[in-house]
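Participant: Below are the chains, spelled out letter by letter.
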Amino acid sequence: MLLQFSIQIILVAAQATWRRSLRPALVRDSVLLPLLGFAGLIFLWWAIASFRSELMPTPWQALVANLDYILHPFYRRGPGNLGIGWLLAASLRRVLIGFGLGALVAIPIGFLIGMSRQAMLALNPVIQILKPVSPLAWLPIALTIFNLANPSAIFVIFITSLWPTIINTALGVSSVSKDYIDVARVLEMPRWRQVFKIILPASLPYIFTGLRISLGIAWLVIVAVEMLTGGIGIGFFVWDSWNRLNLSSVFLAVIVIGITGLVLDYIVGKIQVWVTHRPASQT
Amino acid sequence: MIKPTANFANVQTANSSKEFLVIENVTKAYPKPNGDETVVLDDINLTIGENEYISIIGHSGCGKSTLLKIVSGLERATSGSIWLDGREIRKPGAERMMVFQHYSLLPWLTVRENIRLAVDEVLDHLTPADKRRVVDEHIAMVNLNAASEKYPDELSGGMKQRVGIARALAIRPKMLLMDEPFGALDALTRGRLQRQVLDIWENQRQAVMMVTHDVDEALYMSDRIIMMTNGPHAKIGEILEVPFSHPRNLKELRELPIYYELRNHALNFLDRNFSQDE
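Chains as they are written, first to last, in this note's numbering: chain C, 453 to 735; chain P, 230 to 507.
Extracted from the complex, chain C is given alone in its bound form (with noise of 0.2 Å):
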């Protein structure tokens, strides 16, 4: 007992130091690298508003500024006047709705078009034409029809959120391998059946990049809509903070914004690994 005991703790030191032998390479890589790179970002940030302060705070005084906003991200003090974290939420909810409606939509017409000739011959001219229109050229459109300016943002985010992710449908299901098509054949599985069992999930890594796409797009679109429409929302707060000519709340939006962006990138790659169980492919 006392013999086992002793082993186990061997066990557990030479665990120990094994894992600390690796540490610094991983550290290096993982930690140190990265971090030079925000620093030399800061220090140029730094150096530029030193130079020239009657052009933007330096980093410092951009957090003294938003100690505030970033201590209370939720607090909400009367109508319009919410922190950031609601800010943020309101924002993701209509990339969300949008680009959620975009995928239902874009994915079935993005099958079509893969797997009928007539289709493809029909849908693709129309979508090389309105792929390259900035989405924000459908924004008077969508407030004439809706008259509001919440739903009519949604409208822009599924406009936008459609073309990555029908062209990326679209081409996994036209490269689906004949070699799994040729299986289901032998095995005289019936086609509607090929659809769910084989061509479906031989070209889920394709619709997931195009949805990773449309998702990046619909984050970029949001904050140039709310710019434009108001409202509660992150790029109004930019546009508002601008207006106020309170740049280190901009510095802050552009932070947060930028980490939203990579962290919805983050959570479709890892809902792809989940439902594909294949490693997702680097966008």
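There could be a bad hint or two in this list.
DSSO-like mimics (lysine-lysine), calculated; alpha carbons at most 27 Å apart, straight line [claimed, not checked]:
no., chain 1, residue 1, chain 2, residue 2
1, P, Lys403, C, Lys630
2, P, Lys379, C, Lys630
3, C, Lys630, P, Lys320
4, P, Lys247, P, Lys379
5, P, Lys261, C, Lys630
6, P, Lys464, P, Lys261
7, P, Lys320, P, Lys261
Simulated from the structure, these hints should not be mistaken for lab results.
Fit chain P to the given chain C structure using the hints.
Facilitator: Okay, now just chain P, sitting in the frame of chain C:
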């Protein structure tokens, strides 16, 4: 060469043990852009018995894979017909299950799920418990118990092909079609898997049609070797009877002078056809 003489529309199951699969005047041609056609297979006639293991051998591009695809139904013959057990083949069917050269496993399913997919599709009359038993039996048959929950990406080539073979056998096909099943494997794995497939076949005999370009593999495994001339216009050049009885032992075979006679004969045939093409 064996010429079919019977009226095949009237072949009955009772006397089909010798004429289980009948390939009758099969020709395959692809249209060329300039309006002509390339004839890949030219008037192929062949009969295969119910428990017979045959190999089709020939140079690349001689249409041997095309012939296998036509028997499987994945491709259609330009003219001629194919009969299995007295019924004409017009489309793919699970009673003629394929083992693919590049395995064709579905990468989003585990080993067990890949086999289960085939069982679900073909043996849909079984209860879930029976289906599970069939899947388990065939995983065990190819010694993949330890890997049954793994995904194809995590397996070696030899293991993947064992899954392919288990999937094919699990749905109890009347006939097994193998398209260079060991072609993508290294020599050691190939030898081991050949032995394993032969073991399984010697235990439960059935009609097998295997495409290969390896003379030793054909001699070791099959009862007859169909040697094809070079394409275009590939025909059956010669049929070699392999006189060895089953179960076979590769070591013992290699000590027989007749093994080398047959081997040289086959190689000479291939060489002769190759030089014709040059």
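Participant: Decide if the proposed pair is consistent with the structure: Lys403 of chain P and Lys630 of chain C, CA atoms, cutoff 27 Å inclusive.
Facilitator: holds, 24 Å
Participant: Just to be careful, I want the Cα atoms of Lys464 of chain P and Lys261 of chain P compared with a cutoff of 27 Å; is the pair within it?
Facilitator: holds, 20 Å
Participant: When you check the alpha-carbon spacing of Lys261 of chain P and Lys630 of chain C, does it fall within 27 Å?
Facilitator: Judged against 27 Å, a Cα distance of about 22 Å means the pair holds.
Participant: Does the alpha-carbon distance linking Lys630 of chain C and Lys320 of chain P stay inside the 27 Å limit?
Facilitator: holds, 16 Å
Participant: Quick one, are Lys379 of chain P and Lys630 of chain C close enough, alpha carbons at most 27 Å?
Facilitator: Roughly 23 Å separates the two Cα atoms, so the pair holds.
Participant: For the pair supplied as a hint, Lys320 of chain P and Lys261 of chain P, confirm whether the alpha-carbon distance does not exceed 27 Å.
Facilitator: Given that 27 Å is the threshold and the Cα spacing comes to 24 Å, the pair holds.
Participant: Are the Cα positions of Lys247 of chain P and Lys379 of chain P separated by 27 Å at most?
Facilitator: Roughly 41 Å separates the two Cα atoms, so the pair is violated.
Checked against the numbered hints above, the structure breaks only hint 4 and satisfies the rest.
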